[in-house]
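Between the sequences and the hints, there should be enough to build the whole structure, so can you do that?
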Amino acid sequence: MNTVIRNVSAADLDRCYAIETVAYEGDEAATREKIATRIATWPDGFIVAEVDGVVAGFINSGAAFDVQMSDEAFKELIGHDPKGPNVVIMSVVVHPDYQGQGLAKRLLGEFIERMRAMDKATIHLMCKEQHIVLYAGFGFAYIKPSESDHGGMAWHEMILTL
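Following our numbering, the numbering of the sequence shown begins with 484 at its first residue and continues without gaps.
Fair warning: there could be bad hints in the mix.
[As the list claims (entries may be wrong)] Below, a list of computed lysine to aspartate or glutamate pairs in the DMTMM-like style, where the Cα atoms sit at most 25 angstroms apart: (1) K611 x E596; (2) K627 x E612; (3) K627 x E511; (4) K566 x D549; (5) K603 x D549; (6) K558 x D527; (7) K566 x D602; (8) K517 x D554; (9) K517 x E593; (10) K558 x E593; (11) K517 x D527; (12) K611 x E640; (13) K566 x E612.
Please keep in mind that the hints were generated in silico from the structure rather than gathered at the bench. Please read all numbers here as calculations on a predicted model, not as lab measurements.
Dropping the structure here:
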């Protein structure tokens, strides 16, 4: 299995959208338009894992000076500023056919290193309860249950200080 982690390209849009819709539940998945906006607006904050030439998973994000985790507009990168010291991860997702192979961990490790290299100060994310341990293993600290009810689900806010 040959895995390459790289920045997203415009050609990855349909595959990323397909992964998002198959891996997330209901309204939790981003629309194709939101993913297109994320690719076009900040490709430096959007990496993909390509396995044997097929995009198998990705992480996308935005940057800001002030982070409001329950701000739904930010998911469309309204308020995004690439100079912002704080990064907000919007998706960490691996296609079900590739889950259980450590791809999410590889993506996350690479993403953290890239954000450090960009001199970012923090990385924020919201996750479901069952993923808190995964992110804690990378040094993320638990903040609180989120006020967001994105997709009609309960979320938890976490932060990594770089």
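The hints, checked one at a time:
1. K611 x E596: Judged against 25 angstroms, a Cα distance of about 23 angstroms means the pair holds.
2. K627 x E612: Holds - the C-alpha atoms of E612 and K627 are around 11 angstroms apart, at most 25 angstroms.
3. K627 x E511: This hinted pair holds, its Cα atoms lying about 20 angstroms apart.
4. K566 x D549: holds, 12 angstroms
5. K603 x D549: With Cα atoms ~13 angstroms apart, K603 and D549 stay inside 25 angstroms; holds.
6. K558 x D527: holds, 16 angstroms
7. K566 x D602: holds, 10 angstroms
8. K517 x D554: holds, 14 angstroms
9. K517 x E593: Roughly 23 angstroms separates the two Cα atoms, so the pair holds.
10. K558 x E593: holds, 22 angstroms
11. K517 x D527: Given that 25 angstroms is the threshold and the Cα spacing comes to 16 angstroms, the pair holds.
12. K611 x E640: With Cα atoms ~9 angstroms apart, K611 and E640 stay inside 25 angstroms; holds.
13. K566 x E612: violated, 31 angstroms
The structure shown violates just one earlier hint, number 13.
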